[in-house]
Amino acid sequence: MAHPLLQAKGLNVVYEPARGTRIWSVRDVSLDLGEGELAGLVGESGCGKSTLGYALTRMLRPPARLESGTISFAGQDLTSLDGEELRQRRRGGFALVLQGGMNALNPVRTVEAHFRDVLRADKSSAGRQTARQVERRAAELLDRVHLPATTLRRYPHELSGGMRQRVAIAIALALDPRLVIFDEPTTALDVIVAEAVLGVIRELQREAGFTALLISHDLGLVLQATDRVLVMYAGRIVEDRAAASMLTDARHPYSQALLRCYGDPRADEVHIEDIPGSPPDLSMPPGGCAFAPRCPLSERVCEETDPELVPLGSGRAACHVAAREARDASG
Amino acid sequence: MPADDRASGSRAADSTKMGNGKAAAHDTAAAGRQAAARESAAGSTAARREGGTAAGAGLVVTGAGKVYASRHRGEPPVTALRDVSLTVAPGAAVGLVGASGSGKSTLARLITGLDRPSTGLITFGGLRVDRLRRGALREFRKHVQMVFQDPYAALNPLHTVGYTLARPVANYLGLGGSQLTERVRDLLATVGLTPAGQFEDKLPHQLSGGQRQRVVIAHALASEPQLIVADEPVSMLDVSLRAGVLRLLNQLRRDHRVGLLYITHDLLSARLVTDDLLVLNAGRVVERGPTRQVLRQPADPYTRRLLAALPNPFADSHPAAAHPFAAGSHPVPARPAALRPAGPSPAAAQLPQPSPASPDGGPA
Amino acid sequence: MTAPYSLSQSAGPAAGNLTQPPLPRSGATALPRPLVVAQRVLATLWADRKARIGLVVISALILAALLAPVIAPYSPTDASFPRTLPPGGAHLLGTTGSGQDTLSQLLWGARISLLVGVCAGVLASVIAIVIGLIAGYLPGVTDEVLMFVTNLTLAIPALPLMIVLAVYLAGGGVKVIIFVIVVTGWATGARVIRSQAATLRSRDFIALAQFGGERLHRIVFREVLPNMTSLVAANFFAAATGAVLGEAGLEFLGLGDPTTVSWGTMLYWAQNSGALLTGQWVLVLAPGLCIALLAAALSLVNFGVDALSNPRLREK
Numbered sequence: 001m002a003h004p005l006l007q008a009k010g011l012n013v014v015y016e017p018a019r020g021t022r023i024w025s026v027r028d029v030s031l032d033l034g035e036g037e038l039a040g041l042v043g044e045s046g047c048g049k050s051t052l053g054y055a056l057t058r059m060l061r062p063p064a065r066l067e068s069g070t071i072s073f074a075g076q077d078l079t080s081l082d083g084e085e086l087r088q089r090r091r092g093g094f095a096l097v098l099q100g101g102m103n104a105l106n107p108v109r110t111v112e113a114h115f116r117d118v119l120r121a122d123k124s125s126a127g128r129q130t131a132r133q134v135e136r137r138a139a140e141l142l143d144r145v146h147l148p149a150t151t152l153r154r155y156p157h158e159l160s161g162g163m164r165q166r167v168a169i170a171i172a173l174a175l176d177p178r179l180v181i182f183d184e185p186t187t188a189l190d191v192i193v194a195e196a197v198l199g200v201i202r203e204l205q206r207e208a209g210f211t212a213l214l215i216s217h218d219l220g221l222v223l224q225a226t227d228r229v230l231v232m233y234a235g236r237i238v239e240d241r242a243a244a245s246m247l248t249d250a251r252h253p254y255s256q257a258l259l260r261c262y263g264d265p266r267a268d269e270v271h272i273e274d275i276p277g278s279p280p281d282l283s284m285p286p287g288g289c290a291f292a293p294r295c296p297l298s299e300r301v302c303e304e305t306d307p308e309l310v311p312l313g314s315g316r317a318a319c320h321v322a323a324r325e326a327r328d329a330s331g
Numbered sequence: 001m002p003a004d005d006r007a008s009g010s011r012a013a014d015s016t017k018m019g020n021g022k023a024a025a026h027d028t029a030a031a032g033r034q035a036a037a038r039e040s041a042a043g044s045t046a047a048r049r050e051g052g053t054a055a056g057a058g059l060v061v062t063g064a065g066k067v068y069a070s071r072h073r074g075e076p077p078v079t080a081l082r083d084v085s086l087t088v089a090p091g092a093a094v095g096l097v098g099a100s101g102s103g104k105s106t107l108a109r110l111i112t113g114l115d116r117p118s119t120g121l122i123t124f125g126g127l128r129v130d131r132l133r134r135g136a137l138r139e140f141r142k143h144v145q146m147v148f149q150d151p152y153a154a155l156n157p158l159h160t161v162g163y164t165l166a167r168p169v170a171n172y173l174g175l176g177g178s179q180l181t182e183r184v185r186d187l188l189a190t191v192g193l194t195p196a197g198q199f200e201d202k203l204p205h206q207l208s209g210g211q212r213q214r215v216v217i218a219h220a221l222a223s224e225p226q227l228i229v230a231d232e233p234v235s236m237l238d239v240s241l242r243a244g245v246l247r248l249l250n251q252l253r254r255d256h257r258v259g260l261l262y263i264t265h266d267l268l269s270a271r272l273v274t275d276d277l278l279v280l281n282a283g284r285v286v287e288r289g290p291t292r293q294v295l296r297q298p299a300d301p302y303t304r305r306l307l308a309a310l311p312n313p314f315a316d317s318h319p320a321a322a323h324p325f326a327a328g329s330h331p332v333p334a335r336p337a338a339l340r341p342a343g344p345s346p347a348a349a350q351l352p353q354p355s356p357a358s359p360d361g362g363p364a
Numbered sequence: 001m002t003a004p005y006s007l008s009q010s011a012g013p014a015a016g017n018l019t020q021p022p023l024p025r026s027g028a029t030a031l032p033r034p035l036v037v038a039q040r041v042l043a044t045l046w047a048d049r050k051a052r053i054g055l056v057v058i059s060a061l062i063l064a065a066l067l068a069p070v071i072a073p074y075s076p077t078d079a080s081f082p083r084t085l086p087p088g089g090a091h092l093l094g095t096t097g098s099g100q101d102t103l104s105q106l107l108w109g110a111r112i113s114l115l116v117g118v119c120a121g122v123l124a125s126v127i128a129i130v131i132g133l134i135a136g137y138l139p140g141v142t143d144e145v146l147m148f149v150t151n152l153t154l155a156i157p158a159l160p161l162m163i164v165l166a167v168y169l170a171g172g173g174v175k176v177i178i179f180v181i182v183v184t185g186w187a188t189g190a191r192v193i194r195s196q197a198a199t200l201r202s203r204d205f206i207a208l209a210q211f212g213g214e215r216l217h218r219i220v221f222r223e224v225l226p227n228m229t230s231l232v233a234a235n236f237f238a239a240a241t242g243a244v245l246g247e248a249g250l251e252f253l254g255l256g257d258p259t260t261v262s263w264g265t266m267l268y269w270a271q272n273s274g275a276l277l278t279g280q281w282v283l284v285l286a287p288g289l290c291i292a293l294l295a296a297a298l299s300l301v302n303f304g305v306d307a308l309s310n311p312r313l314r315e316k
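Protein chains in written order, with the numbering used here: chain G, 1 to 331; chain F, 1 to 364; chain E, 1 to 316.
Simulated from the structure, these hints should not be mistaken for lab results.
Keep in mind it's a predicted model, so treat the numbers as computed, not measured.
Glycine included, every Cβ here is placed at the ideal spot set by N, Cα and C.
The reader is advised that the hints may include incorrect statements.
[What the hints assert, rightly or not] Reference excerpt, derived from the structure (chain F facing chain E, CB under 7 angstroms, subset only):
# : residue
1 : Tyr-68
2 : Ala-154
3 : Asn-171
Could you put the whole structure together from the sequences, leaning on the hints where they help?
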């Protein structure tokens with residue numbers, strides 16, 4: 001990609017609890033996100049996707065730590081910035097909508113108070129706003145997520161889960177971020193509300209043109225809501241492909257296995273599968289491909305060497321078997 | 001992170017990694033009908049009739065309604081359920097589908113005796129569930145058990161799996177000592193948590209979500225119930241773990257002849273484990289019928305909305321496309337997902353707005 | 001916000017309520033349960049640095065108190081020595097205004113302070129737990145009545161109540177002091193415990209236990225209470241701290257039994273003989289420091305109490 005908005009190289013995140021073993025939750029991840037791109041990051045629980053999202057926005061907290069790697073945002077190296085400098089870059093920078101974003105709202109403060117905090121925290125000239133301006137801006141933001149201005153006076157517990165999630169999204173957009181990361185925005189919401197929230201996200205992204213990264217464990221959701229899908233397994237990115245191609249051209253066995261977990265309830269016969277076994281223990285990262293023990297196609301080489309993420313088809317995948325098949329096919 | 005369940009997986013039968021990804025969760029028509037047929041052959045045909053009183057007559061809900069007083073002063077009470085009737089014959093699997101706020105959780109609470117209906121009645125095997133009190137309620141629980149939605153909250157974090165499973169066995173079956181231990185091990189094997197000895201001493205945080213849910217299912221199975229009420233048992237699990245748990249539920253129905261009331265907002269899983277389906281919207285039953293029929297020819301717009309909202313890469317998920325499928329089976333995978341059309345989301349128009357006082361959805 | 005790095009990170013649900021503390025294994029154990037629990041509690045507390053310091057200090061004080069008959073140079077009530085001697089020589093900490101050896105008094109006095117601290121702490125805690133648990137778990141009339149009584153107790157200012165009771169029951173000695181402290185000290189804990197119990201009551205695993213056929217007492221004591229170990233322990237240490245200070249306070253005000261020897265009475269007599277005015281700082285500092293030390297040590301142990309909440313410590 002020519003001028004990616006966000007460029008991460010060789011990220012390694014280690015989690016070091018006071019008692020217990022170190023866990024390598026993100027292992028050597030490199031990814032680029034372009035301007036205005038709508039991408040999804042998919043993986044099972046514990047694969048490191050949330051951790052990666054936090055790492056990209058420099059929101060990691062002890063005992064998690066960015067062990068190595070660089071992140072540059074709009075050409076500027078983020079990894080060298082400290083807290084204060086990062087804060088100053090919030091406007092026009094990046095925003096993170098947290099997992100359980102609805103639970104990230106302070107229960108004893110009104111929605112308006114949340115907006116005020118964010119808008120006033122922006123120290124640039126645009127940030128010095130009167131109460132009226134704050135209110136107007138907040139109402140504007142709420143309108144973009146299809147919530148009425150009266151929501152401002154409400155407390156979080158007076159709103160339903162879907163509404164709270166939309167409020168969290170609106171708050172994230174307050175400072176006109178160029179990159180927004182949504183961590184599991186629809187978990188714990190039922191299908192109808194989830195669909196509506198995703199629709200809002202897509203709509204906002206189209207209008208404002210920010211780069212969006214949607215993190216979820218639900219591949220089906222990500223395929224519907226995004227243009228580009230990154231599949232993560234055991235701390236590594238194993239597939240990177242356009243959403244439109246995933247169904248027919250997913251190369252990595254894990255992606256294929258994930259696709260087999262879905263089905264159409266209206267069909268005459270419905271078969272869905274699960275993926276037996278569980279992800280490896282990342283306190284002792286395996287030497288070879290992390291998915292090998294659960295992979296129906298694994299071979300000797302898979303257990304010995306960890307495959308690299310290489311171009312395969314229109315995207316990339318990290319699989320020895322797939323790579324070999326591609327080589328054979330091209331003759 | 002689960003430490004050592006590499007091979008424990010979701011099925012006892014498959015041990016190798018090759019080709020075992022293929023075991024699938026099939027739809028239940030045949031299995032369910034067989035189980036039901038066995039029941040009726042055993043002489044409980046009367047059970048099929050609504051309001052039947054033969055022993056093992058199953059669950060019958062007649063005109064149940066529930067009204068909650070509003071949390072805010074001066075506001076009208078919230079009607080969570082309105083005139084709901086349903087039957088679950090012994091060994092049958094019935095699905096209760098609806099979004100949040102539809103009343104399905106409220107109904108689950110009424111059926112399991114956690115709450116009393118404001119109107120209507122609920123009977124199980126002729127017993128008035130809505131009239132039960134403490135001691136009788138405990139006895140009732142032996143026959144109607146529950147599987148909870150959140151496997152991360154349903155297990156006491158301080159008790160080992162062995163302890164948690166031992167309690168219902170001790171309380172309902174009166175077993176102790178080595179018989180108890182053996183029973184617990186059997187339960188663990190039944191739900192696919194083998195080797196049982198390894199799981200007995202585990203604490204919940206050492207298990208994955210799927211494993212925890214299996215423990216919850218084992219707990220429900222311990223008393224040898226006639227009916228299991230499963231409230232969204234897979235919605236908090238990773239998609240890659242769901243088929244295993246659904247398969248387990250089907251297997252339990254077949255092997256243990258347990259009836260199942262499956263509550264969910266996900267039509268795919270409902271399709272896989274139920275024979276009949278009821279759709280709830282705002283406390284009312286808006287559609288009912290055999291599962292496949294309801295899904296292929298949904299009559300009610302709400303049902304169609306639920307179908308359209310499924311995150312399903314294999315269906316045309318545009319809300320307008322509610323047409324029935326072409327004859328014949330639908331191959332998997334089909335065609336690329338129909339991505340959302342550009343422009344405002346059609347769902348946006350239907351987004352819930354905060355009501356003057358209480359959040360939409362009410363207490364369901 | 002849920003930490004994204006917890007080991008049991010899930011796709012969506014708040015990463016577990018891994019909040020609560022250890023309990024002996026359900027299988028057969030050789031030791032009686034209370035002992036096993038105590039052992040686990042101590043081991044857990046020991047692991048935290050601050051708590052360890054606190055435990056060491058408390059142990060030292062307990063040891064001093066137990067060995068008082070052996071290590072005290074003189075009898076604490078022996079008033080035959082020259083009065084108000086400065087520290088040094090035969091009397092390491094000097095003598096009091098009545099001619100008693102300060103060091104001996106200090107060592108013997110530790111017994112009363114510790115006794116009151118522990119007894120009053122335990123009693124106040126037990127009452128707080130029982131009332132708090134019942135009120136928290138059984139909603140409705142029971143809760144209302146118990147909370148009414150609790151709030152009433154809280155509304156009455158503690159110190160004046162203590163004074164009134166002490167005066168009214170004067171002459172009862174240490175038992176009265178313990179009684180007074182317990183009566184005025186149980187209510188705060190009860191409120192806190194009730195809140196926690198009420199929260200736990202609505203948790204899924206309680207419903208699971210109900211479906212498992214568990215009876216009320218088992219649910220309350222084996223499901224709810226163990227998940228409150230951290231809170232209960234914290235409550236105990238807070239109560240004990242309050243008790244130690246309360247006892248010292250009452251004695252100092254002369255409302256206790258001035259004939260017993262405790263750190264509080266030492267302060268009382270020091271005050272009586274105008275120790276501060278005449279520069280006999282040892283008479284004030286010695287008991288005062290000890291009281292402060294004990295109270296501080298109890299508070300330090302409280303820091304380690306959070307660790308009791310972690311079920312990971314129960315892993316094999």
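How about F:Ala-154: closest beta carbon in chain E under 7 angstroms, or not?
holds, 4 angstroms
Let's test the interface hint: is any C-beta of chain E closer than 7 angstroms to that of F:Tyr-68?
violated, 16 angstroms
With chain E as the partner, please determine if F:Asn-171 meets the hint condition of a C-beta pair closer than 7 angstroms.
With Cβ-Cβ at 3 angstroms, under 7 angstroms, it holds.
In this structure, only the earlier hint numbered 1 is contradicted, and the remaining ones agree with it.
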